[in-house]
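Student: Keeping their order, the protein sequence lines are chains A and B.
My numbering puts the first residue of the first sequence at -3, with every later residue one more than the last.
My numbering puts the first residue of the second sequence at 4, with every later residue one more than the last.
If you are wondering where the hints come from, they were derived from the structure by calculation, not from laboratory data.
Since the structure is predicted, the reported quantities are computational estimates derived from the model, not experimental observations.
Where hints are given, some of them may not hold.
As the list claims (entries may be wrong) - Derived pair list, reagent style DSS-like, types lysine-lysine, alpha-carbon separation capped at 25 Å:
| hint | chain 1 | residue 1 | chain 2 | residue 2 |
| --- | --- | --- | --- | --- |
| 1 | B | Lys62 | A | Lys363 |
| 2 | A | Lys73 | A | Lys186 |
| 3 | B | Lys131 | B | Lys64 |
| 4 | A | Lys499 | B | Lys111 |
| 5 | B | Lys34 | B | Lys111 |
| 6 | B | Lys131 | B | Lys10 |
| 7 | A | Lys166 | A | Lys363 |
| 8 | A | Lys166 | A | Lys189 |
| 9 | B | Lys131 | A | Lys499 |
| 10 | A | Lys363 | A | Lys186 |
| 11 | B | Lys34 | B | Lys10 |
| 12 | A | Lys189 | A | Lys69 |
| 13 | A | Lys175 | A | Lys160 |
| 14 | B | Lys34 | B | Lys201 |
| 15 | B | Lys111 | A | Lys363 |
| 16 | B | Lys200 | B | Lys34 |
| 17 | B | Lys62 | A | Lys492 |
| 18 | B | Lys10 | A | Lys498 |
| 19 | B | Lys10 | B | Lys249 |
| 20 | B | Lys201 | B | Lys111 |
| 21 | A | Lys498 | B | Lys131 |
Claimed, not checked - Non-contacting residues of chain B with respect to chain A, defined by C-beta distances greater than 12 Å in every case (computed):
| hint | residue |
| --- | --- |
| 22 | Lys64 |
| 23 | Asp151 |
| 24 | Gly186 |
| 25 | Ser194 |
We put the CB at the ideal spot given by N, CA and C, even for glycine.
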Amino acid sequence: MNRQEFQKFSQHGLVFAIIMIFLVLIDFQTMFATVISKILGTNVLRGGLPEVQFMVIFLVLYSLWMGWFIARKEENKSRRIIMTLVASLSAGVVVGLFGLILNSLIQSGTDVRRYLAALSPESMKLFLLNLEGLGPLALLGVFTVSGLLGSVLSIILQSPSVSKWPKTIKTGISSTWQKITGSLPPFIRKNAKFLAYLVLGIVIIVLPTRWGSYNNFVTGLVGLYIILGIGLNIIVGLSGQLVLGFAAFFAMGAYSMAILNAPLPHGLMWGFWPALLVGVLMAVVAAILLGLPMMRLRGDYLAIVTLGFGEIIRILLKSDLLSNFSGGPRGIQDIKGPTIFGFPFNNDVQFTYLIIAGVILSIFVYKRLENSRTGRAWLAIKEDAIAARATGINVQRNKLLALCIGAAFAGLAGAFFAARNQFTGPNDHTLMVSINILSIVIVGGMNSIPGIILGAFTLKGLPEILREMENYRLLVFGGLLVFMMIARPDGLWPAKRPQLEKKIKPDTRDGDSPGKGDKNE
Amino acid sequence: MNEIAIKVDQVSKIFGGLTAVNQVNLEIPQKTIYSIIGPNGAGKTTLFNCISGFYVPEKGKILYFGQEIQGLSTDLIASVGISRTYQNIRLFSNLTALENIMIGLHPKFRSNWVDAIVHSPRYLREDKETKQEAIRLLNFVGLAGYGDYLAFNLPYGVQRRLEIGRALANQPRILLLDEPTAGMNMQETQSTTEFIKKLRDDLGITIILIEHDMQVVMGISDRISVLDYGTKIAEGNAAEVQSNPKVIEAYLGPGGAALAEKFQKQRRSNVKSH
């Protein structure tokens, strides 16, 4: 190894050390250790610290990854070991020096929290593995040893016998799957799709009654965000308008429900369903009012204008000006739930059903629109507005239509949201809500319903389950988005364009019913 | 004499201080192939953009079968029956070829979003017709089997064909083709030329063509206009335009006419001496 290479690999190690230091500065390592301890079955008290072995596990995992990452592209095995030795030594030394600083800070009793809010003396001690003065040395050791192990791991993983595994497993699964499906009676095989939906339906009906109110709360939240995601997808994914103020339409629905179906401030008790209808209509009206002036804007300008619109609505709702009308910063409480044929819908189970019904309705409407004449017109506008116009599509009208339909979804979700929480206030409709919904659409995969569902689960469901990550939500968002850009630029579950040519048989009366998608031929 | 399909009457289009099209008059008879040629920057595409409604000319009128269309919105002009293709291909590149043609069919049908959600009889009928018609057009432009490819994945020549297919979906009476053979090899050029002829002869479409390939232009045009610096400098059939000194000068620069004469003489004497 010459000097240049030595420099290069010690720099690689340095990068990993710096990432680690940044993570420590925001106390990310404690969160990770907590998550690991949770996964391994040891619960950690809220606000408490995990035990030290989980910190060790986190550090080992991190440096294993480092070793693997640095070594993976080199052909020569012995060179791999040397490379990682250099890199992980340099990483270990830097992290160890950082540990020394932390240790001296702990010794001198300086309260770092004045400068770095997350860094408490306890978590600093935990990072030093509760070893105080020996901590830095231990860190150096952990980094070097597991870095080397990482390179060994990369050698094992890339050896021909092991690297075949994923493929073997895959073919094994598919062949057993085919055996299972082959052995099923023909009745089941013929109606496989229907039966799958049936099972799904039963699961959806049974699950909310079984798994407790917290899970229902999370499911409901995810469901609401699926509705919002589908609505925004009509605007962003189909018609290509980057709207950043989607929360404004959400607020329209929520506040309509609140004002029309709560004892205060107006004492209007219209009931849930009329209020829901008004909520949807108000969202559409807001979309028209916003849409008419902004139809000529595109791209960045559109994003800025709609972002402003969202904030204006929120600030108006918060302001003293409207505090008699909409409750001001305190919001509106005691919003009543729905009744169906005299049965009140009050508990979480029933609300979960209601939201699931809303999700199914949204998916249905979206699917019907997506591949219709209107949906194609939207896609054409998204792809190339000028060419769309020259093929006879009225661009402004169709863009406005997309905005209105998307807003109607948001109004629906907003009304559900307000009635479910029995409360709504300005803080439920911040810019972050709009960003969250947009992230769901982008991370999940534009124009893909499974993608949006998956996105809503990962971005809204997971943080609820992994409460520890709460403070790092933005960081995880950012990291996830960067990861997505690199690994899956089209989303977790990207959409595919329909393959129509194969399905349409020219000049047959039955052109609309293609074969039932049976791929076992 | 055929009816006049497009009449361009004293049309001017000015960008800032630049007069891109200057008082141009054209009379384009129905069911003909009418070429507009000229050096780069002569205002050919600008004239196209005026006809298809992207630009509103400052002065003058554009008549479509006697009806004024200047200043109408582009989508209205398209649905009236004027389709076009573009110099740099403008397909909906992330959609499939078949979907591109289905979008071209947009003005032919009426069903709206409510129809789509409730699957009304009108929607079902039109949806079926759309698919059948799209398949038929796909076969007509010779792209059977390409229907499920994303447009940007198609080879260049196929993309040009697809663009014409999309333009035809609207059943236009007038088709504006902006350099349809640009970037094609001899064989592709040949087949495209044949195809354009077929459009005129079989479908009775009036074709207005911008083209730089003189072999194509001279081979298929019924009539040719030459633009230079936004003004029309010549009009006539292929032979008339070729021998017009103004045209030669526009292409070869001042003194070009004399130069061309000299070359012609030289060639003739060469042929004699052989």
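Student: Are the hints correct? Go through all of them and say.
Tutor: To see whether the hints hold, each was checked on the structure:
This hinted pair does not check out: Lys62/B and Lys363/A have alpha carbons roughly 48 Å apart, beyond 25 Å. The hinted pair formed by Lys73/A and Lys186/A fails the criterion: a straight-line CA distance of about 53 Å is larger than 25 Å. In summary, the hint linking Lys131/B to Lys64/B is not supported, as the alpha carbons are separated by about 40 Å, beyond the 25 Å threshold. Between Lys499/A and Lys111/B the CA atoms are separated by roughly 23 Å; this keeps the pair inside 25 Å, and the hint holds.
About 22 Å separates the Cα atoms of Lys34/B and Lys111/B, which keeps this hinted pair within 25 Å; it holds. Pair hint Lys131/B plus Lys10/B does not hold up; C-alpha atoms about 37 Å apart against a cutoff of 25 Å. At roughly 31 Å between alpha-carbon atoms, Lys166/A and Lys363/A are farther apart than 25 Å, so this suggested pair is violated. For the suggested pair Lys166/A and Lys189/A, the alpha carbons sit about 23 Å apart, so the restraint of at most 25 Å is met.
Of the pairs offered as hints, the one joining Lys131/B and Lys499/A holds, with about 12 Å between alpha carbons and a cut-off of 25 Å not exceeded. Between Lys363/A and Lys186/A the alpha-carbon distance is near 24 Å, which keeps this suggested pair within the 25 Å criterion. For the given pair, Lys34/B sits about 14 Å from Lys10/B by alpha-carbon distance, which is consistent with the 25 Å threshold. Between Lys189/A and Lys69/A the alpha-carbon distance is near 44 Å, which puts this suggested pair outside the 25 Å criterion.
Under the criterion of a C-alpha separation no larger than 25 Å, the hint pairing Lys175/A with Lys160/A is consistent with the structure, at around 22 Å. In summary, the hint linking Lys34/B to Lys201/B is supported, as the alpha carbons are separated by about 11 Å, within the 25 Å threshold. For the hint pairing Lys111/B with Lys363/A, the CA-to-CA distance comes to about 23 Å; that is within 25 Å, so the pair holds. A hinted pair counts as satisfied when its Cα atoms are at most 25 Å apart, and Lys200/B with Lys34/B qualifies at roughly 10 Å.
Pair hint Lys62/B plus Lys492/A does not hold up; C-alpha atoms about 48 Å apart against a cutoff of 25 Å. With a C-alpha separation of about 44 Å, the suggested pair Lys10/B and Lys498/A falls outside the 25 Å cut-off, and the hint is violated. Restraint check for Lys10/B and Lys249/B: the C-alpha separation of about 24 Å stays at or below 25 Å, so the hint holds. At roughly 23 Å between alpha-carbon atoms, Lys201/B and Lys111/B fall within 25 Å of each other, so this suggested pair holds.
At roughly 15 Å between alpha-carbon atoms, Lys498/A and Lys131/B fall within 25 Å of each other, so this suggested pair holds. The beta carbon of Lys64/B sits about 21 Å from the closest Cβ of chain A, which is more than 12 Å, so the claim that it is off the interface holds. Distance check on Asp151/B: its Cβ comes as close as 4 Å (rounded) to a Cβ of chain A, failing to clear the 12 Å threshold; non-interface status is violated. In this structure Gly186/B is separated from chain A by more than 12 Å, as the shortest Cβ-Cβ distance comes to about 19 Å.
With a minimum CB-CB distance of about 22 Å to chain A, Ser194/B clears the 12 Å threshold, and the non-interface call stands.
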